[in-house]
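Chemist: Order-wise, the sequence lines are chains H and F. Residue 158 in the numbering used here sits at position 34 of the first sequence; the count goes up by one each step and never skips. Residue 440 in the numbering used here sits at position 411 of the second sequence; the count goes up by one each step and never skips.
Hints in this document: simulated from the structure, not taken from any laboratory. There may be inaccurate statements among the hints.
[Said to hold, decoys possible] Listed next, the in silico DSBU-like pairs over lysine-lysine satisfying Cα-Cα at most 30 angstroms (straight line): (1) F:Lys256 with F:Lys331; (2) H:Lys362 with F:Lys362; (3) H:Lys171 with F:Lys256.
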Amino acid sequence: MSLSVIYAILFYFATLLFIVGVARKIVIYARTPAPLKIPTMPAPLTKKGVAWRLTKEVVVFRSLFNANKWIWLFGWLFHVGLLLVLLRHLRYVTEPVWTWVVLIQPFGKYAAFAMLIGLFGLWARRFLVDRIRYISSPSDHLMLMLLIAIGLSGLGMTYIDHTDIVSLKAYVLGLMYFDIQPLPSNLYLITHLTLVVILMIIFPISKLIHAPGLFFSPTRNQVDNSRDVRHTAGWTAK
Amino acid sequence: MADFDTPVLKEYPIIPLIKKGSMAHSKPYVAKPDIQAGVGFPGELVDNWQEVGVKKLGELVSGSRALQVFLDTCVKCGACTDKCHYYLGTSDPLNMPVARQDLLRSVYRRYYTFAGKFFPKLVGAKDFTKDVLDKWYSYFHQCSQCRRCSVFCPYGIDTAEVSMAAREILDTVGVGQKYCNEILGKVHKIGNNLGLPKPALVDTMEGLEEDIKDETGIDVRVPVDQKGADVLLITPSADFFAEPHIDGLIGYAKVFHQAGISWTVSSYASEAANFSMFIGSNENLLKTATRIRDAAYDLGVKRIVVGECGHAWRVAYSFWNTLFKDMDFLDKKYPMPSHICEVTHDLIQRGALKINKEANDHRRITFHDSCNVARGSRMGNIPGGQFIIPREVIKACANNFYDMAPETIHENTFCCGGGGGLLTDDLMELRVKGALPRMEALKQVVDEYDVNTFVAICAICKTQFAKTLPYYKFDMDMITSLHQIVGDSLELGTND
Ligand code: HEM
Ligand code: HEM
Ligand code: SF4
Ligand code: SF4
Chain H
125 MSLSVIYAIL FYFATLLFIV GVARKIVIYA RTPAPLKIPT MPAPLTKKGV AWRLTKEVVV
185 FRSLFNANKW IWLFGWLFHV GLLLVLLRHL RYVTEPVWTW VVLIQPFGKY AAFAMLIGLF
245 GLWARRFLVD RIRYISSPSD HLMLMLLIAI GLSGLGMTYI DHTDIVSLKA YVLGLMYFDI
305 QPLPSNLYLI THLTLVVILM IIFPISKLIH APGLFFSPTR NQVDNSRDVR HTAGWTAK
Chain F
30 MADFDTPVLK EYPIIPLIKK GSMAHSKPYV AKPDIQAGVG FPGELVDNWQ EVGVKKLGEL
90 VSGSRALQVF LDTCVKCGAC TDKCHYYLGT SDPLNMPVAR QDLLRSVYRR YYTFAGKFFP
150 KLVGAKDFTK DVLDKWYSYF HQCSQCRRCS VFCPYGIDTA EVSMAAREIL DTVGVGQKYC
210 NEILGKVHKI GNNLGLPKPA LVDTMEGLEE DIKDETGIDV RVPVDQKGAD VLLITPSADF
270 FAEPHIDGLI GYAKVFHQAG ISWTVSSYAS EAANFSMFIG SNENLLKTAT RIRDAAYDLG
330 VKRIVVGECG HAWRVAYSFW NTLFKDMDFL DKKYPMPSHI CEVTHDLIQR GALKINKEAN
390 DHRRITFHDS CNVARGSRMG NIPGGQFIIP REVIKACANN FYDMAPETIH ENTFCCGGGG
450 GLLTDDLMEL RVKGALPRME ALKQVVDEYD VNTFVAICAI CKTQFAKTLP YYKFDMDMIT
510 SLHQIVGDSL ELGTND
């Protein structure tokens, strides 16, 4: 079997696990009842207010900002970098490439560095701060190593050993139409893709599920209206 | 009592380095079988406790979105690690909120997640062993469920929810905490935490009426079981006898008297506290709350007002509307329930109270936001009203008010160190050490503004501070009920 086919199979498999896994988690979160009102106060009095509260948490990591400036700085750099990098990657799956994806390309290049600085900063804290060293499991270190390795292998392609972007794109688009094209052979690319497959597989079964989880956190997403509206769910609805 | 050193108050709070196992010896007394029976739990560790506990854990998680999300999403970022007063006071790493959660999360992972079943070492999953059970008993009784950690966690993970679940599991396998469960049993049997029966209650209240008469020369009523009163006052039973709580009760009575509001307490439901929340027991929570609803119905009152108590106000504000089967008999004009501070605030706004602020001129006051009021409830109709209203009331009744440092008040407030069912002498070391961050903030305003009056609106806070202030070389009489400030400033008799 050629590398092209092996990676095609890996990608289908990882995508399936990723989508089914995340969807399953979201369904579980949505179906599990929240029997009592437990928003962390002060909380918004309206649904709109809650949407704004969550937006601030997602976009600027508001609670984290109030908690710890270093974690916030590194964490935010990493996530914004990651977001830009992923958006920049859209050029492999869109034909013609969407205009805004073209426009962000230059920023995307720096984004990779922001992402890595953030990741290294967060990792350093796991060694340097005794409290965080205490709470870190091997998986917490491995997760950061994985993301760093993905970033470094990506940068390897950007700066050291360019891969054939045209045929890579043909390969990726081919995957989407179940028409397998040859995968360019490049050590960085193979490493990059292998690690991405691992990331996709562990996403739904690890702490990475925090991304959708945040939206379901009752302390953040409940409206403070318990005196006005009777709330029941689960055991309190019986 | 165990020997321990009271922490030294530092000029600036610093985050301590971890000292492993430094509080491993702290454990409250275990409940005897008769006490366990009173709240519906097995009397001693059941034979197949491991199986029972793991099963209960699964049920709790699938019945609570909060637990489900909290156990999955923690990224171990560490933002919460320096936020718990018990960590700051004891340096024991298992008192860092995330580490406390992990005591339970590691078991959850082992039995209910793919990664934990197949790669336990990698993700820190652990078997539910006797050693783990003992650690749970120790460290889930070192959490006052104050929710400070949840303010700072990027996902709002509330360790209080986790420790409630852990205590429910402990109870289910037969290892209950004596203090909480004994008290709850008394509420179910008699109606209050103290086990004070009706005749004793009536006696106490008559004594109180006499005291007020001696002090002011005015007949202020403190009625028990008065049918047809407008207001049912639900207040912590400590208000009936403990210092400085009782002066708060006198304050409420004076407010009702001057405003001409007819009110009563109930001998059937003579307790605002609902310790069921502390032990995470739904059945007990419902049963205890229902007593209050039934008392209100039987007495035919129009509204329910809750006295100065932190977790009781959280239960009342956030849960009553969910727990009470029907409340249609109450007057919809009033918020259900109302906090006594809301009532007093409203009367002040409407000019219904005659206040002489100078009566409090000997006091230089600061205010302690009780954790459950601050982070578990609201007062008034804007977010944060729970911070504004008590302060407005104090400032309307007294001239000298000084807030403590902003990072220690409002939603950032530090727990008194005795909340969440830990207000027992067998946990004295924990209570003293847990009070450290609050004591440091207090020292600042004492040094800077000569503060001599430390006002709280929670029965647990008041008892805890009365006990712990002396350890830190403060005068125990500093701790004062908010409604004592109000009561002392009221000019009774001027508008009769
Ligand atoms: C809705 C989207 C997301 C939000 C709001 C979010 C938010 C956060 C926050 C607040 C933290 C804690 C601070 C920190 O350590 O950075 C965090 C940690 C983390 N996030 Fe995200 N995240 C999101 C999506 C993602 C995605 C898609 C990934 C990876 C593929 C990811 C990977 C991580 C990792 C690995 C950590 C832990 C960092 C460490 O070990 O210290 N996040 N996230
Ligand atoms: C199907 C999935 C992916 C493919 C086919 C892919 C492919 C590539 C390629 C070809 C490059 C080199 C770009 C250039 O030479 O200009 C690259 C760079 C990079 N990739 Fe990926 N990648 C994938 C997923 C990811 C993921 C999930 C991440 C992050 C977690 C990531 C992070 C990066 C970074 C940081 C760079 C370097 C900076 C940049 O050029 O944007 N990649 N990737
Ligand atoms: S709820 Fe309060 S006592 Fe419990 S871990 Fe969080 S900060 Fe500490
Ligand atoms: S702040 Fe929240 S996510 Fe971060 S370690 Fe603490 S509990 Fe986990």
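Chemist: Each hint: holds or not?
Modeler: Hint by hint, here is what the structure shows:
1. F:Lys256 with F:Lys331: 11 angstroms, holds
2. H:Lys362 with F:Lys362: Distance of about 28 angstroms is within 30 angstroms: holds.
3. H:Lys171 with F:Lys256: 40 angstroms, violated
The earlier numbered hint that this structure contradicts is number 3, and it is the only one.
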